[in-house]
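Protein chains in written order, with full-length UniProt numbering: chain A, 1 to 357; chain B, 1 to 357; chain C, 1 to 357; chain D, 1 to 357.
Don't take every hint at face value.
Facing chain D, according to a computed beta carbon distance under 7 Å, are these residues of chain B, among others [stated by the list, open to error]:
{"hint": "1", "residue": "A73"}
{"hint": "2", "residue": "G92"}
{"hint": "3", "residue": "W93"}
{"hint": "4", "residue": "E307"}
Chain B stretches covered by chain C per the calculated footprint, using a threshold of three residues with CB under 8 Å from any CB of chain C [as the list claims (entries may be wrong)]:
{"hint": "5", "region": "170-176"}
{"hint": "6", "region": "194-200"}
{"hint": "7", "region": "311-317"}
Quick partial rundown of chain A residues pointing at chain C, CB under 10 Å, derived from the structure [stated by the list, open to error]:
{"hint": "8", "residue": "P27"}
{"hint": "9", "residue": "G76"}
{"hint": "10", "residue": "W93"}
{"hint": "11", "residue": "C97"}
{"hint": "12", "residue": "C102"}
{"hint": "13", "residue": "D137"}
Hints in this document: simulated from the structure, not taken from any laboratory. It should be emphasised that the depicted structure is a prediction, and the values quoted were computed from it without experimental measurement. Ideal Cβ positions, reconstructed from N, Cα and C, are used throughout, including at glycine.
Below are the chains, spelled out letter by letter.
4 protein chains.
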Amino acid sequence: MTLMRAAVFVEPGRIVLEDKPIPDVGPLDALMRVTTTTICGTDVHILKGEYPVARGLTIGHEPVGVIEKLGSAVTGYREGQRVIAGAITPSGWSNACLCGACSQDGAGTAHGWKPMGGWKFGNTIDGCQAEYVLVPDAMVNLAPVPDALSDEQVLMCPDIMSTGFSGAERAEIRIGDVVAVFAQGPIGLCATAGAKLSGAAVVIAVDRLAGRLQTAAQMGADHVIDASQCDPVEEILRLTGGRGVDVAIEALGTQQTFEACLRVLRPGGTLSSLGVYSTDLHIPLGAFAAGLGDHRIITTLCPGGKERMRRLMSVIESGRIDLGAMVTHRYKLDDIEAAYDLFSHQRDGVLKVAITP
Amino acid sequence: MTLMRAAVFVEPGRIVLEDKPIPDVGPLDALMRVTTTTICGTDVHILKGEYPVARGLTIGHEPVGVIEKLGSAVTGYREGQRVIAGAITPSGWSNACLCGACSQDGAGTAHGWKPMGGWKFGNTIDGCQAEYVLVPDAMVNLAPVPDALSDEQVLMCPDIMSTGFSGAERAEIRIGDVVAVFAQGPIGLCATAGAKLSGAAVVIAVDRLAGRLQTAAQMGADHVIDASQCDPVEEILRLTGGRGVDVAIEALGTQQTFEACLRVLRPGGTLSSLGVYSTDLHIPLGAFAAGLGDHRIITTLCPGGKERMRRLMSVIESGRIDLGAMVTHRYKLDDIEAAYDLFSHQRDGVLKVAITP
Amino acid sequence: MTLMRAAVFVEPGRIVLEDKPIPDVGPLDALMRVTTTTICGTDVHILKGEYPVARGLTIGHEPVGVIEKLGSAVTGYREGQRVIAGAITPSGWSNACLCGACSQDGAGTAHGWKPMGGWKFGNTIDGCQAEYVLVPDAMVNLAPVPDALSDEQVLMCPDIMSTGFSGAERAEIRIGDVVAVFAQGPIGLCATAGAKLSGAAVVIAVDRLAGRLQTAAQMGADHVIDASQCDPVEEILRLTGGRGVDVAIEALGTQQTFEACLRVLRPGGTLSSLGVYSTDLHIPLGAFAAGLGDHRIITTLCPGGKERMRRLMSVIESGRIDLGAMVTHRYKLDDIEAAYDLFSHQRDGVLKVAITP
Amino acid sequence: MTLMRAAVFVEPGRIVLEDKPIPDVGPLDALMRVTTTTICGTDVHILKGEYPVARGLTIGHEPVGVIEKLGSAVTGYREGQRVIAGAITPSGWSNACLCGACSQDGAGTAHGWKPMGGWKFGNTIDGCQAEYVLVPDAMVNLAPVPDALSDEQVLMCPDIMSTGFSGAERAEIRIGDVVAVFAQGPIGLCATAGAKLSGAAVVIAVDRLAGRLQTAAQMGADHVIDASQCDPVEEILRLTGGRGVDVAIEALGTQQTFEACLRVLRPGGTLSSLGVYSTDLHIPLGAFAAGLGDHRIITTLCPGGKERMRRLMSVIESGRIDLGAMVTHRYKLDDIEAAYDLFSHQRDGVLKVAITP
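Just chain A, same shape as in the assembly (with noise of 0.2 Å):
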C-alpha cells in the first residue's frame, strides 16, 4: 500500500500533516495527482472546531492538478491530463442534478438531500491537501487546463471565483444596475468583479481593511467604503441619493452585513447571499419593509462541475479577469501548518496561499 502526505483534522485547533494511503480508484472515480491547492476560510472554521468534520478526513478543496488514474467506466480523459475539478462536485445523476440544484446534490437517497451534502472535498469525503485525491464522479467533475493557464491562474476557479461570481449571476444584474459588495476577502473580491463583468453601472465595495479595499478598486469597484471610517448604510445611500442599490451582495456571513445589505436595498432589489453564517439571523422590520418592499434574497453554494469551470477558465483565458494577484503567499505542502497559521490570523496583507505538493 502506498502512502502519500495529506492535511488532516485532529480535533479542534489542529489539522496537521500525516501519511495516508492513496485512495483506491472506483469505476466512476478519478485520482488527482495535485499539482496547487490552495486554503479557504471555510477550512479555518473547521480548524477552529467551528463546522464539525469527520476526525482524520483530510481537508481541502480546491484541487489544480494531473489525471494519475482514471475509473475503468470513465471515458473522454486521459491519464497525465492537466485538469481542475470544482470545490462542489456534484454527480450528474441526482435528482438534485437534474432539477438545477447540481450544487445540492448530497444524500442521492430517498429521504431527500442533505443542505450540506452538495459539498465534499474535505466535508464528507477526503479533501485535496494533500499528494492525491480521488474526485468522484469524474466525468461530471474533471475540466481540462487550456496550456495557455497556469495552475494559479485557475487556482480561484474550484470555488473563490465559481462563488464570487455567482453571487453576480444569481441576482441577475442587469447593464445599468448600482451594486454594493459587502466585504472583501477573496470571494467578495470575486463578487465585486462579477458584478463589474455582468454591466453594473456602479460597484460599491464595502471592508475594514485599506489593503482589501485598493485591490476591490483594482477589480473593478467604482467606490470604496471603509467600514471602519464611516456607517456604510449611511455612505451609500448618499452615494444613490437616497435610492438605494438595486443588487446587494454579502460575502462576509454576519449578521451586520446581513442587515446592512438589507438597509441599503432599493424597493424591489436583490441581496444576493454568499456568506456561511454562524448565527441566527435577524431581520429589523423595517429593514424588511414588513414584508412588502418586493425584495428578493437569494442564497448560493459554489456552482460546481466541468462545465461551469470551462467556463470559468475561458473568462480567464480571454483576459477580461486576472486573479493572479490574489495569491499572495506560497508554500510547499509539507509547510502547510505555517500556512494555516498565518492565514487563519490573516497576517501580512494574506489573501490566498499556493500550496505546492
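Assemble chains B, C and D onto chain A, guided by the hints.
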C-alpha cells in the same frame, strides 16, 4: 360642496362613518362611484393602531364601481362605465414602474422610493370605503368589468386575488412542484388556488381553523393540515418523504409561519412571502442551511394596474376559479362599523364582507 | 447468446420484427425488460424513409418496463424494479447537460454537439420496440414507477407528455394568458393540457379532425377550431377581439401551422415550436412585424432524465391529468407490423397504440 | 403662429427642410427645444420610400434638448431642464406597457396593438429633426441629462445604444458566453459593446468594412471577421472548435446575416435579432435542426422610456463605454439635406452624424 359618507380613521380603536366632501377631479384622475367594496386584514391593523395612518383618512383599497367623472386629460373611458381599480395604484410614469417595480411606485421624488409608498388608497390618500373614491392616474388603473361578471365576482381582484396569485407567480412554480401554503385566510386561499393554477402537482394547505381548511380543499388543496392538531413541519416532511417542498408560501405575517416555511423547504427551494409582518423576523441557522441551501426568499406586494386587473378578471370569466364563496357576509356602508366589529373579531366564520354604499 | 424479438428498420417502407441478441450490459447501463411501449410519429417518418437511421437499428423510444440487469457501476436501483426512461436519454456528464441543454447531449466529443444527438433510442442506438432495451447512463435515466400507476398510465411520459408540456413550459405561460395550440395529435393534446395546467385563462385548440377536437375539449381547451371549416387565423383574431394570443404552440411541423402561429401572435408574444419540420420554413415579413414585434420563437426537444419523468408521473398520480384516453389501440409486439400499418395511416381514430411484448 | 424649421418627408427620394408651426402642448405633453439630433438608418429607409410614412411628417427619433414648455398635467420637471427622450415613447398607461411590452404600446384601442405602433417619433407623429419636438406622455419619456454629460455623449441613448444593448440583454448573455455579432454599423457596434458589458468571454464581430471592424475591436470585440474575405460561418465554427456560439446577434436586417446567425448557433443557443427586415425570411431546415435544436429566436424593438434612458446614461457616466467616437460628422439643421446625402450613401466612413438646430 356636495358631501358623501365615508369610513374614516379617527384614532386607534375607532373607524367611524362621517360626512366628507366629494373630492375634486384632477386632470389625470377619475372619480369612481363605489358600488361594492370590502374590508381587508390591513384595515384591521389600521383600526387597532398597529399600522399608522393620518387621522381623518378614508380607509379601504378594494373598489368596485362606476365612473362618475373623468379628469380632463383622461381618454379611453366613458362616464357610467363599470370598473375596478387595484389596491395598489401605480402611476405608470415613475422610474419604479418603468423598471418593473410597479407596486413600489410611491414617492416619485428625487430622493427615492418609500417602501409603503406604492400602496396609496386608504394609506397615503383617501380610500374607497365611501360613496366615492378618487382614482389617481386613472388611465393606468381603471379596468373595465366584463358585463358577465357581478360586483361580488370581481371584488377579490383588487387585493386578495392579486396578492394570493402573486405568491405563486413570483415563486415561479413549475408543473409538478410540491407547494405548501401557510395560513388559509382570504389571501392564503387565493395562494392555494394560484399554486394549483400554476401547475403544482401537490398543494398542501395549513391553517388552524377547520372551516378554512375545508374551503382550502375546495380551492384545490390536495392535503390540508390542521396546525392546531399537529406540527405542520413534521407533517409536511412526512408527506413528502423527507424531501421537503419546492415552494412554501407564507400568507399570515408571523414569525412562526415564516420559520415553518423555511423548515419545510427543500434545498434550492423558494419561500414566497405575502404576509405583512408586525415584528422583526428571526432566521434559525439550521433552517437557513447556514446560507448554503440555494434558497430564495421573495416578498411581494399586491400587483396593481388595469392590465393586472384585466388578467385576473379573465381568469374568473373563464370559469377557472370561483371566489364567490369567499364573500360570507354582506353589509350596507351605513353599517360598516358593525362589519368591522365582525371582521376584526373573525366571528361567524367570516372570510370577506361585501360592503355596498 | 440469447435472442429477443425486436422491430428493426430494414429499408424505407419496411420495419420488421426480427431476432437480435439481448445486449450486453456496460458498467453505466441497465438492461430493461420492456413491458409496454408505443409507436411515435417520428417512427413513421423513419418507416417512410423521411428520417434516416441505420439499417438494422431497433426502433422505439418510449419504454415502460422492469430492470432486468444493472451495470457494475450503477447504484440506487434493484433488479425487478418497475421503471420508465425518457425518449431522450441525457448522459448527465456532458457539457451540454451541465449548461442546461440536457436534450442536446449527443456527441460528447471535443468538436461539439450534433443537433439530433440528444435523441438516442431508436435513432443512434437500439430502441425499445423489443423485448429488451439497453438504457445508457442508467442512474440519470431510470425513473421508478409509483405502484399506483399502471403501465398505460405512464406510457405517455417518456415522449408525448414531456414534449407537449414543454411547449407550455418553455413559453413561460403566465396565469391569465390566452394560448392557441395548432394541431391536436398526441403531442398537441398534451400541449393543450400543459397550457391549461400552466394557468392559461383561455386555450384555443386547432385541428382538422373532429374527433381530435373533441378530445382537446376534454383535455381543457376552451375553444376548438376546425381548420377544415374556417381560417383559424381569422377565427382566433375574432375570438381575441383582434388582440391576438400571448402564446402560440406549434405541434405539427408544417409551414402552414408555423406561419399561422406567427400570424395570431400579439406583439411581444411567444411562438413555442414542438413540431419536427421536414422542409425549410418561410417567415412572411408582415407576420414577423419586420423583426420589430418583440416576438420570441422557441423550439424544444423533448426533455428527458429521471427527474423529469418523476415530475410527470407525480402530475399523473395527483390526478391532475388523465392520459389514459390517448391509448386507443393495443397490440402484441408480435403484431407490431400491423400496428405500424394502422398508426401510419391514422386509421380508426387512432391516437396512441400500446405495444406489449 | 410661430414657425420652426423641420425636415419633412415629401415623397420617396425627398426629405426637405420646411417651415412648420411650433406644435401646441397638450396636458400630458412637453415641448422640447432640440439642441442635438441625428439621422438613423430607418430614416434612410423612409427617404428611399422603403418604409412608408405620411407626406409632410417631420422625420427623426433621437432627440437631445431642453424643455421649452410643459403640459398642464405634467409634474416633476422644470422648463429649461436638459433632457432626452427615447426613440420609442411608451405611454405608460397602455395594457401593452403594463404587461411588459412597452415598446409595443401603439394603438391603445380596444382592437389591439399595431406592430409598429410603439415607434411614434417620425413614424406616426412628428419627429425631432426640427427646432422643436412635442414629446407625448412627457412624465414617462423625459429623462434629465446629468450635467457632466455633453449632448453628443448621450446622443446614442435614444435609439442606437438602447437597441444595441437590448440585443445582448434579451439574449440573456451569461458570464463566459461566446457571442457573435453580425454587422458592425452603429447598432451592431453597440451590440458588441453590450455583449462585452454583459460578461461574454469572447465576442466575435463580423462586417464587410475594415473601418467598422477596427471600431468593433475598440468597442470590445475579441475577434473580428471580414465577411468580404471569408465565410464568417466557417470562420466562427473554426474559432469555437466546432462548438458554435451561445448567442448570435443580428444587427443588419438581411436574409444572409439572419441565416448565418442560425448556422453558427450551438444547440440550445439564442439568436437575438435587432435588424429591420425588408423581405420575407427563409429558415433552412438544417440550420434550424428541423425544429429540434432547443433554439430561441428573439426579436427586439428599441426599449424606451425615461428609466431606460437614465440607466443608459448612468453607464456612460460611469465611464464603462464611450460612444463619442461614433459621431463622425457634424451638420447644422439647415444643412440636413447634405447630411442625408452623406449618410444615405455611407460616404467618408460615416457612422453617425450630429445635427444641431
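Verification of the hints:
no. : hint    : in the structure
1   : A73     : holds, 4 Å
2   : G92     : holds, 4 Å
3   : W93     : holds, 4 Å
4   : E307    : holds, 3 Å
5   : 170-176 : holds (count 3)
6   : 194-200 : holds (count 4)
7   : 311-317 : holds (count 5)
8   : P27     : holds, 4 Å
9   : G76     : holds, 7 Å
10  : W93     : holds, 4 Å
11  : C97     : holds, 7 Å
12  : C102    : holds, 8 Å
13  : D137    : holds, 7 Å
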